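K.L.:
Given next are the chains, with one letter for each unit.
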Amino acid sequence: MAYPFTEDHDMIREAVRGWAQAWYDGGKGPERVYQSGTGFDLEAWQALSGELGMAGVAIKEEYGGAGLGDLGRVVVMEELGASLCSVPFQMAGGICTDILQKLGTASGKSMYLPRIASGQICPTYVEGLDAFSIKESSLSGVVSMNAYGNAASHFLISFQRDKKVSLGVVMAANPNIEVEQQKTLDPTRSLAKITFNNLSLDDVKVIGTTDRGRLQDIVDQSFIALAAECVGGAQKCLDITLEYAGQREQFDRPIASFQAYKHRCADMFIALEEARSATYAAAIARPDDKTEAALIAKVVAADAYFKIAGDAIQLHGGIGFTWEYPLHFFFKRARANRSIFGSTSRGYNKIADRIFGNAA
Amino acid sequence: MAYPFTEDHDMIREAVRGWAQAWYDGGKGPERVYQSGTGFDLEAWQALSGELGMAGVAIKEEYGGAGLGDLGRVVVMEELGASLCSVPFQMAGGICTDILQKLGTASGKSMYLPRIASGQICPTYVEGLDAFSIKESSLSGVVSMNAYGNAASHFLISFQRDKKVSLGVVMAANPNIEVEQQKTLDPTRSLAKITFNNLSLDDVKVIGTTDRGRLQDIVDQSFIALAAECVGGAQKCLDITLEYAGQREQFDRPIASFQAYKHRCADMFIALEEARSATYAAAIARPDDKTEAALIAKVVAADAYFKIAGDAIQLHGGIGFTWEYPLHFFFKRARANRSIFGSTSRGYNKIADRIFGNAA
Amino acid sequence: MSGLIDKFDTWMAENFCGEFESLRGRATPGDEDIMPELRFAWERKMGEAGWVGVGWPKEHGGKGASLEELVAFNEVYARHGGPGRNGHIGETLFAPTLIAYGTDAQKAKYLPGIKNGTELWCQGYSEPNAGSDLSNIKTKARLDGDEWVVDGQKIWTSLAMDADYVFVIARAEEGTVGRHGLVFLLMKLDQAGIDIRPIKQISETAEFNEVFFDSARCHKDDMIGGVGDGWKIAMALLGFERGASTLGQQMTFTNEFESIVKLAKENGAAHDPTIRQRIAKAYCGLKVMRMTALRTLEAAHHGELSREGYMSKIYWATWHRDLGELAMDVMGPDAELLKDGEYGMLHKLFLFSRSDTIYGGTNQIQRNIIAERALGMPKEPRGKPK
Amino acid sequence: MSGLIDKFDTWMAENFCGEFESLRGRATPGDEDIMPELRFAWERKMGEAGWVGVGWPKEHGGKGASLEELVAFNEVYARHGGPGRNGHIGETLFAPTLIAYGTDAQKAKYLPGIKNGTELWCQGYSEPNAGSDLSNIKTKARLDGDEWVVDGQKIWTSLAMDADYVFVIARAEEGTVGRHGLVFLLMKLDQAGIDIRPIKQISETAEFNEVFFDSARCHKDDMIGGVGDGWKIAMALLGFERGASTLGQQMTFTNEFESIVKLAKENGAAHDPTIRQRIAKAYCGLKVMRMTALRTLEAAHHGELSREGYMSKIYWATWHRDLGELAMDVMGPDAELLKDGEYGMLHKLFLFSRSDTIYGGTNQIQRNIIAERALGMPKEPRGKPK
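Residue numbers (the numbering used here), protein chains in the order written: chain A, 1 to 360; chain B, 1 to 360; chain C, 1 to 386; chain D, 1 to 386.
No lab work stands behind these hints, which were simulated from the structure alone.
Treat the hints with care, as some may be off.
Below are the SDA-like pairs computed for lysine to any residue, each with C-alpha atoms no more than 20 angstroms apart in a straight line [to be verified]: (1) D/Lys-379 to A/Phe-251; (2) C/Lys-45 to C/Leu-23; (3) C/Lys-379 to A/Asp-252.
Everything numeric in this text was worked out from a predicted model, so none of it was measured.
If we strip away everything but chain A, and leave its shape as in the complex, we get (with noise of 0.2 angstroms):
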């Protein structure tokens, strides 16, 4: 149990790994997930939200969750991360959680927020406050590059009305919407294209109304169980190196007794526990520290996945580029996380508007 981590944390940590590795299985899983070109593992989803019941760790108990917060996603998040396990938790268990927690109404939470909790129902999010245009009642519009479009039981939606930002929840399985998986360079979690056409507004059940600067701080708050993928595969990558490297020899000598390797390795585990500072941080951040928190773990969790899923590959030599060794799963995951939700580049110009009070 270290900190910042409870007993309760530790105990899902251990459930949550023990199946997440078996999933993984030296590189099985993602292959598979890649071999079925979903993107999406509807199995793996099912145990995980309905058998371990980890679909509502971030929710409150009062409607059957675990009521273990940002630290709790945070645990499952890193599992996930280390097995590349393809299964929407980030967004139903993440992201529309929090919006339905922090933004919704009681009618709106009650309705929706046990039936994530038990795995009844997977909704993604789909931001259209920008893409959106409402006529006559109906909605139209598209978004592009939805985590688990394909996956989704109902989309949680965000558009503009009135002046203000309404929240509504829809089924996927409505003819006005159309959901396009989209081809990606990461193969284990799927990316779509989503068409609203004409989307009657009685089919959206509106579940609140908020501004878009408080919605924008949830959707930045919810960087952090991103952070935590991160982590959670930076640090498999690194297990996998060191193991490599205790085995293979050159020059009559185990390559991780090599003095550049290891100093490697030492960079490695320096970024790695970098990220995983920043991403804790944000965990118990102070809800008036948290977007702010959230934005730094994003940026510095995903630079460190990329640089070490890179460097893995570099330790590895040959074997590293292959796709039959799994190294390459890893990276391209790292490069994805990277991009969505915005660049790490763009971050840390959101962190320096911060610091500069815009000033620039």
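Starting from the known structure of chain A, fit chains B, C and D onto it as the hints suggest.
P.N.:
This is chains B, C and D only, laid out in the frame that chain A set:
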């Protein structure tokens, strides 16, 4: 004789190297300049320009120079860089020579070039296009950070007049010119604030007119000499480090045998040769390509020098950051060369502007 | 521009067209397993017209082109969008080695096929457990009458699937270690004892292969040098790799770079100051590589191995890997989506370039080599750690 | 905020003023040799008011402050612009070691002087030929009756010129090598056998010193632990260095960072996109350091040495060195000119921070330590290279 040099270049290299290293004397040369507080060594300049006759290395033979062009100047600057010799060669034999040779009138050339070549006069260049104002035939303005301004016998000035750029020479010993040495981080190359106080234009010998773009090209091309200084200094830092590493033992081995140490030296070597290639490419570039090649040489060589000088300190351990050991002088020069004539960041921006045709 | 280059310019304009159009700018690293038949045809066309081996000495069927002409030749080829050459291992690596170390009979047997673009070569160096340690060769060769019989396995053999021949380093004297007892053999790939299996890479393509030798054979006259000369000849060949063969590569790099600049102008990334700085740095790297190659080649021309030559592999590999990352960042938010068309190549560049810093000696091995050979630093202790 | 912190806040407002004003924000790394007398007075003032050793257990005269309180304490100190403390080696490194390993008599003898701010300590670890290899101690100690007699030389001893005592690692058993046979001695600096010579650094300042021991003496009761325990105790002390003492340091870093941000706003560097990105990264590093320290300290509180603790030295040192470079780039073209006043410190930061990655174990040694202790990788072969 290594490409792109000829035997003539090798001969002057040998002469300057022996002299400059004797001046350097294991670091005693720079320390003496530091102690003097002047940032300039008059005797050394008299020797280099007089006895060795190097001030005119790039001046055409018809004006009493050696006619060895940019490559000749590169040779001299490399050796001056390797010794940190505090002489205004780069000013007199560099940019002033180029402005005169490339933009000067016939009378301007014949009046000043032979005297520069022989070491009789020592001009520095003062760019006043935006700093100077002219009122009733007299010129006023302030220019800061003029390299070796306190060592100059003359100032070659450029100023805006009647929509043209005028080039002129004025004696430093003029009652309307005030030269004030500035306190600098790098103690072995002086900078001066030069104030022109109603300087009568009658005191200015006009040696040519040009336009801004053409003048800027010549100024930019003078970066080649600065880049060569960086190459020479960086080479010396690497040499000092390799010598130290071969002698010093830790954990019962010469530190030069540690792989991490070797790899760091290899990286220094790569940066050094990168700088060398960029510098030599600029020296032999065709006229149309020279400005761009010089901009590249400046940023690549300045970055390399700073990195290598910093690494050299690091690889020396504790002794590296003592005053007694001469590396800090190189480190300070390297830092100065990053910002003199514009930062490397600005340099990359200028290169980008060329690539994108000022698109952004 | 010399007459030779003018002629080549004209020839490219007249001949790189029609069916060959679909190869324009293709078959670059990460894309080398495409359209093999059409590329064989292109090699033959180049060969028939006398454009293979222009840098070889005239007495060996070349045009004795000067260094400047070779540079210009490659620039012209790239400007016309000429595809990656699957004949380049034979032309720029093997042939110069053969000319330097082969017998007259060997030259007569092998140079014409290379020159005509009809016989392609690949390189049998790396082994599964040797990694970057070339002296740790395990593949065995034994003399059986007039023939060498070879058993073992090579790996990371690029373009083996397209090649007719492989040059193999094998251990002829059992019990020798390291650089001793090696032979340099020339073997036909199309024989019962050789099995080629492509390796699927991170990029989903497969230009690298495993090559298995199970009593594979070649005539004893197909050995370059004598028993024990294998190391020396292998190293000489790597010297050629550092030299002239980089010229063509740099042209590929230039085309990739320009494609990224074009994309940045189109999608607005050109307005991002950090992207601009990185593009400027990449451009500086291109210029540095060109000058470093000229310095190395001029020295080689005078029979010297210059120190800066040791840096060329790690420099281009690292530059190219960084270019791949830059390409992704220039693509911006869209980088995750695979594309067809003009910029589809950039994903392959990004992924495949991860192997650049590994094959042909990892960056780590390159740093060892620089430290020990260019800087004269001591070797490390060998053997088990305490 | 706890009552303790409120009290300290009030006390700082009422007492850090008057003659002490000139110390505001001073005596940071690179500036530690200034105004010694005034700083002694400040230490005494802190001590008299009971603000030295607030984190020590109450039974040893401390206030038993919690980790959160210690963090807040340091934040309050920094917010008031409190100067670098020349008592921190005694308070945060030596005292916790003494509390853990010392006898009651030793504690009674030495803790009060530290607590009162009247006795300052320095650290006698590094030696001229040991470099980063602490096990290679050459300084000798031999027992002469009731006294240890010490001969040898220490180097890079910060603040020795201000200190009253030095704790010294010396080799008591001749013929031992490495970690064996070492003793940990407490010695008065003001004696005939000890000579202190300041080392002028790159920054023209001299906070480091050489300390020469020529038959220097201390009583045999002034040894912590027994003969052979020196290594263990020295390492324990380094553990404290990694922990609580970083809290104060981070506050210094925060002040430096904020000074750079202020300058960037004033001189327009805040409009440079690449500068903005670097400032954002530096800010992230500050936050990371804070959380890493909390993780390490929480683990230490439970008696564990957490793996992430191994990264703290290299992380802060590298961050601080980069901050120095950033400071220069924020200054822009003017960076070359030395300044007085508010931003005059930034040059010292730039220069002095080059030593951060060297003293207290170079970055290279830190990477060895991380690889071997945090990652369990094998040690390298020792001994002469072949």
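K.L.:
Each hint needs a verdict: does it hold in this structure or not?
P.N.:
Evaluated hints:
1. D/Lys-379 to A/Phe-251: holds (16 angstroms)
2. C/Lys-45 to C/Leu-23: At roughly 14 angstroms apart (the allowed maximum being 20 angstroms), C/Leu-23 and C/Lys-45 satisfy the hint.
3. C/Lys-379 to A/Asp-252: Roughly 14 angstroms between the alpha carbons, so the hint for C/Lys-379 and A/Asp-252 holds.
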